[in-house]
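Trainee: The primary structure of each chain is shown beneath.
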Amino acid sequence: GESVGLHLPTLSVQEGDNSIINCAYSNSASDYFIWYKQESGKGPQFIIDIRSNMDKRQGQRVTVLLNKTVKHLSLQIAATQPGDSAVYFCAENYAGGTSYGKLTFGQGTILTVHP
Amino acid sequence: NAGVTQTPKFRILKIGQSMTLQCAQDMNHNYMYWYRQDPGMGLKLIYYSVGAGITDKGEVPNGYNVSRSTTEDFPLRLELAAPSQTSVYFCASSYSGAAHNEQFFGPGTRLTVL
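Protein sequence lines, in the order shown, are assigned to chains A and B. This note's numbering puts the first residue of the first sequence at 1, with every later residue one more than the last. This note's numbering puts the first residue of the second sequence at 1, with every later residue one more than the last.
Since the hints were derived computationally from the structure, they do not count as laboratory data. Accuracy of the hints is not assured; some may be wrong.
[What the hints assert, rightly or not] Which bits of chain A does chain B cover? Going by a derived footprint, with three or more residues having C-beta under 8 Å, they are:
hint	segment
1	40-53
2	72-80
[Unchecked claim] Computed list of lysine-lysine pairs in DSS-like fashion (alpha-carbon distance at most 30 Å, straight line):
hint	chain 1	residue 1	chain 2	residue 2
3	A	Lys71	B	Lys44
4	B	Lys57	A	Lys42
5	A	Lys71	A	Lys56
6	B	Lys44	B	Lys57
7	A	Lys56	A	Lys68
8	A	Lys42	B	Lys14
9	A	Lys42	A	Lys56
10	B	Lys9	A	Lys42
11	B	Lys44	A	Lys37
12	A	Lys37	A	Lys56
13	B	Lys44	A	Lys56
Each residue gets a CB set at the ideal place from its N, CA and C atoms; glycine is no exception.
Modelling step: build the complete structure from the supplied sequences, incorporating the hints.
Mentor: Structure representation (structure tokens):
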């Protein structure tokens with residue numbers, strides 16, 4: 001079936017480095033791709049999203065890149081800080097028909113930032 | 001605004017017991033969702049609602065029931081708890097079901113069935 005998955009389950013970086021978290025998706029009909037951050041003991045928190053007709057979108061210290069040719073999504077975090085340590089999930093949303101905002105989540109990548 | 005609130009935070013059930021997980025939001029959102037998150041995995045949709053009185057099944061609805069009598073509340077009912085329902089449960093809400101509408105998540109309920 002359709003799925004969203006991640007290449008790397010864990011990522012360790014030094015404070016100040018840039019981080020790149022990757023995600024592969026299989027539903028070429030998905031309309032939006034979203035990155036969520038989940039800190040320990042908390043619910044997921046929206047970071048940034050990108051529409052399928054875009055290939056890049058920037059936020060504050062974060063950039064999402066979408067490569068539809070190879071069905072690949074990445075989240076880049078600039079100048080990573082210890083507070084960025086969390087699990088990062090990509091999710092996809094197919095808006096066709098009656099999708100009603102239903103999200104399909106990937107497995108998640110654990111990002112650990114060392115001071 | 002309190003956002004999305006969930007109670008209880010933790011619960012241990014015996015096999016066959018029943019319970020209701022509470023979820024409330026004060027953002028006047030029409031859409032609400034229940035997800036479960038198993039260890040090391042992403043979230044899977046259990047049920048969702050597009051407004052008061054309207055609910056529908058998600059990806060993993062078996063063993064659960066929901067109701068939506070008000071815009072604010074979306075309780076999740078487990079009738080006969082099974083060990084396979086040990087998980088962390090998250091409730092979320094959004095203003096609409098449009099793909100670009102952000103979903104806001106509650107803090108979760110950690111459920112263990114023994």
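Trainee: Output the numbers, in ascending order, of every earlier hint that fails for this structure.
Mentor: 2
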